[in-house]
Each structure stands twice: as structure tokens, then as C-alpha cells.
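2 protein chains.
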Amino acid sequence: MGHMARKFFGHIPGQPVGTFYPNRRALADAGVHPPLMQGIHGTAKDGADSIVVSGGYADDEDHGDFVVYTGAGGNDPSTKRQIADQSMSQPNNAGLITSQLAGLPVRLTRGAHPGSAYAPPRGFRYDGLFAVMSHWVDTGRHGFKIVRFRLEQIDGGDPATTASEPSDAQTYATTTVVRRVRDSAQSRFVKGLYAGACQICGVQIPISGGRLYSEGAHIRPLGRPHVGPDHKSNILCLCPNHHAQLDNGGLVIDADLTVRSHPKAGATEVIGKLTVRPGHRIDLANLEYLREHVFPE
Amino acid sequence: MGHMARKFFGHIPGQPVGTFYPNRRALADAGVHPPLMQGIHGTAKDGADSIVVSGGYADDEDHGDFVVYTGAGGNDPSTKRQIADQSMSQPNNAGLITSQLAGLPVRLTRGAHPGSAYAPPRGFRYDGLFAVMSHWVDTGRHGFKIVRFRLEQIDGGDPATTASEPSDAQTYATTTVVRRVRDSAQSRFVKGLYAGACQICGVQIPISGGRLYSEGAHIRPLGRPHVGPDHKSNILCLCPNHHAQLDNGGLVIDADLTVRSHPKAGATEVIGKLTVRPGHRIDLANLEYLREHVFPE
Chain H
1 MGHMARKFFG HIPGQPVGTF YPNRRALADA GVHPPLMQGI HGTAKDGADS IVVSGGYADD
61 EDHGDFVVYT GAGGNDPSTK RQIADQSMSQ PNNAGLITSQ LAGLPVRLTR GAHPGSAYAP
121 PRGFRYDGLF AVMSHWVDTG RHGFKIVRFR LEQIDGGDPA TTASEPSDAQ TYATTTVVRR
181 VRDSAQSRFV KGLYAGACQI CGVQIPISGG RLYSEGAHIR PLGRPHVGPD HKSNILCLCP
241 NHHAQLDNGG LVIDADLTVR SHPKAGATEV IGKLTVRPGH RIDLANLEYL REHVFPE
Chain W
1 MGHMARKFFG HIPGQPVGTF YPNRRALADA GVHPPLMQGI HGTAKDGADS IVVSGGYADD
61 EDHGDFVVYT GAGGNDPSTK RQIADQSMSQ PNNAGLITSQ LAGLPVRLTR GAHPGSAYAP
121 PRGFRYDGLF AVMSHWVDTG RHGFKIVRFR LEQIDGGDPA TTASEPSDAQ TYATTTVVRR
181 VRDSAQSRFV KGLYAGACQI CGVQIPISGG RLYSEGAHIR PLGRPHVGPD HKSNILCLCP
241 NHHAQLDNGG LVIDADLTVR SHPKAGATEV IGKLTVRPGH RIDLANLEYL REHVFPE
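If you're matching them up, the sequences are chains H and W in order.
Going by my numbering, the first sequence opens with residue 1, and the numbers climb by one from there.
Going by my numbering, the second sequence opens with residue 1, and the numbers climb by one from there.
If you are wondering where the hints come from, they were derived from the structure by calculation, not from laboratory data.
All values reported here derive from a predicted model rather than from experimental measurement.
Don't take every hint at face value.
Unchecked claim - Pairs of lysine-lysine residues, derived as PhoX-like cross-links and limited to a Cα-Cα distance of at most 25 Å, are as follows:
id, chain 1, residue 1, chain 2, residue 2
1, W, Lys45, H, Lys264
2, H, Lys145, H, Lys273
3, H, Lys264, W, Lys145
4, H, Lys45, W, Lys264
5, H, Lys145, W, Lys45
Assemble the whole structure, with the sequences as input and the hints as a guide.
Okay, here's the thing in C-alpha cells:
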């Protein structure tokens, strides 16, 4: 069954942006969007790796380089009317939320439908990778609760043909920067091992749908010149507060896993001891690199 | 004095990416990089809006679409050797840290120098906007402490001529997404008003250089379809934990400014009352929008 396919995040090899497909069967066979009917390919656990925008929901908005997308459920396919509330725990919707929180890229395919400036004239066209920026719940135009997502193009957009937000242009031009958020399988493993509890303070942060929000923090930073490994021995499950503090020189973690305020950040105090569960070996050389080459005392 | 010029973040009107300048005077007169000698134009309070990469520091690394840049100070301009430690509180270095924390874009100009694959053959060339992704302290090749910055191109790069990180290619391709971080003058005003203390829990997060880390959180989200205003009446100073919780449906803020756990996120409990200082009027209509159209109970 196509919709049971394993998730694969990113471009499908051999299927460049702009490729046309005559129908959903061809789109599924190419691996771009496995299910034949559903608009979202995803589950709460794995995330969603692909969506189709084809005018199936009255509340969808397509702006080219960003899309306001309506979740799955409660929709009568014959009339396109909402006939029931949508839920954030519906598996496809939960998949898009997982992709947002884990920073996973989502393939976006547009299907022909009237009234869209961005849809292909017929069939389906793979239009590249989008990031899920936010999710929320609103009342749709038919009076039922709908789950909505804002997705923004991150790869494959054509600058000549995509729109941006005119009203936000000034704000975007003067204040927008881009921050890379990496959340690999290793990072998700570590977050799962601690059930989203911060390894420094133990806090769990409840968010929509009863989920817990946490972040995978690399001890030795990724990328040049540090080239820390994206491996669980170099990753901690932290709350955003301690992640920001770790990344910006506010913390020292000693070889015995004692966590202290960094003396150059203000008062010196012991915050606690890093919680480490069985199956999670921290590479002490990475902690040493952090102390010696990132924020030395 | 050129280096006392007001900061202006973003492209300079009339100076497109790729513009050449014969010397620093012409570069300064164009407004692209006001100081005639310093490599960084910035202060701790305002941030840094521009840098010049011209081979002045032995530890600089230019990789095209990202740069590992050495901070100011401790350098003998005649020999290009470090002769003293650098400091994160040196105003230009502090300016780049402010730009990182506030998400401000930095203009990058390359000057001709031997051994660089990306520098112009002569004079100076404006090469577009970069984001400061991180800062850290290391021991430079001459044995003194240096402050380093990783900057990544966010606008104006030529995909055909810029490099990316070969060793990270797989990680980047499969797991990287882009998150927009906006931090306007209004947002910085609000953060300053509370001295970085979270309006929900009061926590202050100390980081390098004795700074306090906080985030400006929009109540009614920016961008379509919400189009919340980027105005202080719509902005809260929050710790990253409460910011993540607010943005993802974990909190309700009532009209009397009581902050509660969102019933759909788990246990119902009163967390506290929003701290509001004189001079900061919260627009209650934005709180109502959040309750009614983003994460209704």
C-alpha cells in the first residue's frame, strides 16, 4: 500500500523540482507522494514527508513561496465542504506537527485546480521542499474547527515566479535572518530516550496535542570549523532555555557531568548534574572540546 | 566620522550585490561599510550591520557561502599577527554577538587579498547579507585567545559560485530546514524594558559576556493569515521555554493576564500572572485572537 511507505525526507532522486505527473498513480509510483488519495503522507512518530496542494480544502491559501494548508479530516470529498471538526491528533496532521518540531523538510506537489495562480494547468507538478513554520486551530469558513499549517519554501522555488508577502516586505527585508535547525534521527532518538525531559533541569514542556517540546543540542557544534559529529554521543536532550545557554557560553559541563554557570557569564554556581540514561554514552572528548575551544573559562 | 554612523541593517539602496569599490573610502561613502579602518561596524547596543573580509586576520576562513570570521582586537596591523587576547566585550565583537542574538543581517564586503578563492581581484566587492550563526572563543594560531564568528549567506549569494560544506552535505540535504527569526526594534525595546526577564516566570538566562538571553514573542503571529502587528503591544519578553510553549499551543493567557496551561496540552494549572511594566500596554485583542483563532480551548 502506497500510504504505508517509509518516510523519506528531501528530494526523491531522479525527480527534480518541476517534474510533471499525469495523475496520482504516477506521482505515487515516482515515490514523490506515496498515498493515492490522502493529501498528507505522515504519522505522528515519523513526521510527514510530503503533501499535495490541489484545492481539496476551501480554506487552503496558496501564495507561491508560502502556503496556508488545511489539515486532514472532516471533509466531504464530493462537495469539498467541512462536515466535522479536525483534530491535531489525526495521524496526518500529527505528522505535519512532528515535521515542524523536528525541522523536517516536506515535499510539496501542486495539482491542477481552478482559481490558483500557482497550480499546473493539468496533472501534478513537484514544486520542491517546504518547512512547516507553525500550526494552529481556527474555525473554517464552513463553521467547523480546522487545523492549519503555514509552510514556507526552503528549496526549489523559482524566485522569478514566486510571490512574497507585500505587507511584510519591509519587516522581512530589514529583520529576517535564517537559522538552521537540524534534527536528525540521532537527535530524535535522544529526545525520545528522555521523553522530552531536559537532561539539566528535568523540565518537560507541554504543548498542543499533549506533546512535550524539547530540543536536541549538539555539544561540539556541527559544521566547520568544529565539525562535531551528528551522533547521540554528542547530543543532549535539553529544554530551549538550557539549549540557548549552552550554545551561547552560559554553561560549563565538567568531565564528571557537573553542570555549572560559566564564570564569564556571571555568578558561579553549580546547577546540577547531567542526567544520563542507560544507552546514552556521552563522549567526554566533546565536553572537553566545548570547555577548551568554544567557551573556555 | 564614518565609524560613528548610524546602523542600517540590510542592503543599502542603490548598492546592489556585486558592486565594486576601488578603496575603503569609496566603500564608506557608499554607506556599505562606514568605518575606514575597522573590519566590523557595530556596537553592543545596536548590533553590527557590516563587516569586511580582507585577510587581515590569520585565522579567518572564507568558504564562500559561509565565513569563519575573527573578531577585532589584539592584532598588529603591520604583521597581521595576534599580539594580545581578544575580548567578547570589545564593542565591535559585542556588536556581532548582538546581531546574532537579535537575528540582524550583516552586510559582507570582500577585499582583495592573496590566497582567497572568493575575494575580488582588486579593490572591494559587496557580496550580500549574512547571518551570524554562532560565536565562540578559541586559541588562535599565534597562541592568543580569539573571538570567532560563523556567518552564513542569507541573501545575495550566487549559487553557481558559492561553496557548501562537502562533509556535511548529507546531513544538510536531509535534515536542514530554515526558520525565520525576526527581532525588530520593537522587539528589542520590549526585551530591554524587562532586562531580559521572562514576563511569565521571571527567569533571566546568563550567557557569554554577562549578557542575558531572552526572546521577543509575538502574541498574534506575524505573516498571513494572522497578520499580527510587529508592535510592542503585540510582543512579550519571554524565556525560550515559554516562547516555545506559547507558539505551540501550550499556554492560554486570559484577558486579566492570568497565564494557564492549555487544557489541550495536558494538566490544567495556573502558571501565574503576566508581569507588565509601565510603558508596555498589551493589546488585549491580540490575546483574544490567540485564544479564539490560534489555539482555542
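For each hint, the structure was consulted:
no.	hint	in the structure
1	W:Lys45 to H:Lys264	19 Å, holds
2	H:Lys145 to H:Lys273	45 Å, violated
3	H:Lys264 to W:Lys145	14 Å, holds
4	H:Lys45 to W:Lys264	19 Å, holds
5	H:Lys145 to W:Lys45	45 Å, violated
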